[in-house]
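Chemist: Sequence:
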Amino acid sequence: MGICCMMKKSKSKPMTQILERLCKFEYITVVIFPEDVILNEPVDRWPLCDCLISFHSKGFPLDKAVSYAKLRNPLLINDLNMQYYIQDRREVYRILQEEGIELPRYAVLNRDPDKPEECNLVEGEDHVEVNGEIFQKPFVEKPVCAEDHNVYIYYPTSAGGGSQRLFRKIGSRSSVYSPESSVRKTGSYIYEEFMPTDGTDVKVYTVGPDYAHAEARKSPALDGKVERDSEGKEVRYPVMLSAMEKLVARKVCLAFKQTVCGFDLLRANGHSYVCDVNGFSFVKNSMKYYDDCAKILGNIVMRELAPQFQIPWSIPTEAEDIPIVPTTSGTMMELRCVIAVIRHGDRTPKQKMKMEVQLRGRDGVLCSDPQQEVLDITRQLLAELGQDNDCEIEEKKSKLEQLKTVLEMYGHFSGINRKVQLTYLPHGQPKTSSEEEDTRKEAPSLLLVLKWGGELTPAGRVQAEELGRAFRCMYPGGQGDYAGFPGCGLLRLHSTYRHDLKIYASDEGRVQMTAAAFAKGLLALEGELTPILVQMVKSANMNGLLDNDSDSLSSCQHRVKARLHEILQSDREFTEEDFERLAPTCSASLVNSMKIVKNPVDTCDQVYALIQSLTSQIRWRMEDPKSADLQLYHSETLELMLQRWSKLERDFRMKNGRYDISKIPDIYDCVKYDVIHNATLGLQDTLELFRLSRALADIVIPQEYGINRVEKLDIAYAYCLPLVRKIQLDLQRTHGDEAVNKLHPLYSRGVMSPGRHVRTRLYFTSESHVHSLLSIFRYGGLLDEEKDQQWKRAMDYLGAVSELNYMTQIVIMLYEDNNKDISSEERFHVELHFSPGVKGVEEEEHAPTGFGFRPASADNGQKQPDPGSLEDLSRDETDRAVPLSEPVTIPRKSPLIRNHKTGSMEVRLTQPQITSFEGCFMVPSIYPLETLHNSLSLKQVNEFLTSVCKSAGDPHSRTSRGEARRHVRSARGPTITPLLCAHEALSAMFDPHNQPLVDTYIPQRVLSTSISLRSRPERPPWCEYQLLLYFYFFN
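Position one of the sequence shown corresponds to residue 1 (the working numbering), numbered consecutively onward.
The hints are all genuine.
Simulated restraints on C-beta separations:
| no. | residue 1 | residue 2 | range |
| --- | --- | --- | --- |
| 1 | Glu785 | Tyr608 | 38 to 46 Å |
| 2 | Asp376 | Asn592 | 46 to 54 Å |
| 3 | Ser57 | Gly171 | 15 to 23 Å |
| 4 | Gln643 | Asp685 | 17 to 25 Å |
| 5 | Asp376 | His149 | 41 to 49 Å |
| 6 | Leu254 | Ser635 | 53 to 61 Å |
| 7 | Asp376 | Arg228 | 51 to 59 Å |
| 8 | His149 | Ser242 | 23 to 31 Å |
| 9 | Pro625 | Arg105 | 53 to 61 Å |
| 10 | Ile822 | Ser242 | 21 to 29 Å |
| 11 | Lys792 | Glu825 | 20 to 28 Å |
Heads up, simulated DSSO-like pairs for lysine-lysine below, C-alpha to C-alpha not over 27 Å straight-line:
| no. | residue 1 | residue 2 |
| --- | --- | --- |
| 12 | Lys24 | Lys9 |
| 13 | Lys451 | Lys396 |
| 14 | Lys13 | Lys288 |
| 15 | Lys169 | Lys225 |
| 16 | Lys257 | Lys9 |
| 17 | Lys396 | Lys352 |
| 18 | Lys246 | Lys295 |
| 19 | Lys352 | Lys655 |
| 20 | Lys70 | Lys11 |
| 21 | Lys561 | Lys352 |
| 22 | Lys203 | Lys8 |
| 23 | Lys950 | Lys792 |
| 24 | Lys11 | Lys203 |
| 25 | Lys647 | Lys397 |
| 26 | Lys11 | Lys233 |
| 27 | Lys397 | Lys451 |
| 28 | Lys58 | Lys11 |
| 29 | Lys251 | Lys295 |
| 30 | Lys647 | Lys626 |
| 31 | Lys598 | Lys839 |
| 32 | Lys397 | Lys354 |
| 33 | Lys185 | Lys169 |
| 34 | Lys251 | Lys288 |
| 35 | Lys399 | Lys352 |
| 36 | Lys295 | Lys257 |
| 37 | Lys396 | Lys350 |
| 38 | Lys233 | Lys8 |
| 39 | Lys404 | Lys350 |
| 40 | Lys8 | Lys70 |
If you're looking for bench data, these hints aren't it; they were derived computationally from the structure.
All residues carry an ideal CB built from backbone N, CA and C; glycine is no exception.
Generate the whole structure from the sequences, applying the supplied hints.
Modeler: Quick look at the structure:
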């Protein structure tokens, strides 16, 4: 057997290991061709061989190897002529396509080197058109030469733009993020659709058509950092291929005539796509693979050549290895599912402007950039209005000017920090505040709502990333390579393909960036957030899962806001009747806030006077030369600060002298931001304004989601029924996920439980969903407070929480006791946890406290495990679960210490020796998780969620929020589906086999009983035709 390749390859560890094993075959002798002979000697002077392993790499003379094969005619393990095709990605894709192998959608751009400008490429801000084929960002740009590893991924402006530049690994880097968003202008490339693989690539290695070894690794496009083991090798973990993927491996091996062949698989959207074929490749570090590879190659050679040498040979047969997977026993319970609903991080103050616009019969044709269209119309209207000095015209001009200023604010449309909505009003806009002072019009009109601000701040990113790191520690286990810092159990599960992670976020920029920062901390990623956002975070807004549009309210919420407005306009101290009307649930925090406010009108007078004082101080600072150009937090200027406070000053006190109660949350929002981030400005009385506005906001904000229990549930159903259904499905699918990608047990060196599979579903959203979901748990009838003391304590604790601040978390954890019968109610155990999020200003001393995270039961003592049993955690090995049938007490003090030499985190074990859950106390700025209940059964929770869905679906018990929704279009830039895809999008929306709310592995029988299509409102008659498409897309 001749080995003809470059010395770097022939002397590599994998080749050496395999050749040593091949030499154990009695009749096989290995001859390695010296590199000097290959490069400098003619082929007729090369060593003789009966079988040849030869493959191309950098510097290898493939032409000479082809000539040698023609001269000597040895048995070729890998065909040499096909290796020319492997060097050209265009030919690779052509062959794959001919074989019927799934590829990402792609187009080839061939450029003449002498005339690079003459090509079929049209580049837009968020797309390219190649030979008439349109690719929306994110898309991939690959050089046609397979030896060129400079592959670029371009991101949409809605995710921050820029590109990730991949290259052949250099040290610990395999890619870098670049702000450059324009494609390359020289050279020929393949442009292809980006496949969302959740940050993992799969590399497949064949040895003949019937053997394939697959390994998962972190995608180089994610953060560019190469994870390496103690030997400096890239960390990879073998995974199991599905039957379809094994067929793909067979096809690739035969189509390219490469017995030993490597190729790359992308697992996305329930499919497996081949994106690259590398030719001759060995697995880098797997003794089992070396054994198998040598055995298969030796048998191939002997089978083909033994007859001509009259050597007796028959291929030995062996019993297939049986993958034995250890399971937990005794009281050990296995973590199976973690579901968390999390509010976004700290943000800049949200700002909003409304104006009514009349319908002028414009065609409903959507331009490529809707925000640009709104800006163009605004400029046109301002030009038409000209110098008209009419008062009514002047008011409209000022709003148009503000609309124009906001849309021009960043110099480009990123689509992530601004939003324009047009809401259909069949009878015009009713008079509700100082912004809508016109009399009620009967003619149909559109309400234009402009929103800006609300961007995630640097502090918000830090909060999310730190919480992500701490969240790792809720997962058990983690020794080996991950033992040097906390949260190693989660990282190990994820990297070994035993962690089924999906992250969903609503479409607000602050929410998506929070999700990306959290994922960065959770998975120990590095670099910019844009690549993480594109690959790891799924938008949940188009299917209504986390839809959050506060301008589309149910009739119940309108009634609640009207009653709230009426009560808070009373110019007298709160009476007992007021307490009964406003706080029927007797929430401690609400009652305390009402006692602080006393007289709501007097308090509003004080707040208004303090706002006037604040704007006067800011104007004075602007006139002071020393502070005129002062830069505030997050690059804000004094002028911008004055704009937001002046707008609140104008809007809070209406022309009739009454106060617009709906502005109280905005006032509190602004003053909280300035107290936290702009305290160095030294403005007087800001803390008093903060105290009073917080007291008012603590009344207004929670009560906007319902005053009594019935209203709270009605509004909660309207906001988060799809999310409740999705949570129920997440909990139902706990085992038997055959379609889920899994670790291969035969190659699981150092992994004791390759069969373990933990599902994590993270839902990032805004305050409304958190309030609503908490209302469902509190008032939906999960447990009886009179019969369950733990639940009563939890309800008292929730009643004392005044604010669901940034990074508020509702966490559900599901455990399985494999020792119990599958039908037993004790087999699955559910825990419910909650944190009110970021700690407020000067409130830590007075903050309500619960009973800790996973507290011990009063009537259950600590059980001592038997030495050597699975419960003996002091002898715990890799990935061992923690005992859960008996509640455990976790010390408040974290055992984590800082390693000053390496900067990494280490774990100092204390008694009791359970460190997996310490992470909930690792973020000083965020309240730790408190357990609301830790002894629920899955059956109990499932029956509760079923009753919630049934109650919410009863048309006689609630008013659908959808009845008030009349959105025609949403100018949010790149997130809008092009009209070209209208038919496909509508078909997908109503296809029962294509439900975006449900993971692809959920069987149809679950879908038919647990999921229903989200109800849609009746259409206004004028949008029957063209605008019908807009209505469904942007609703």
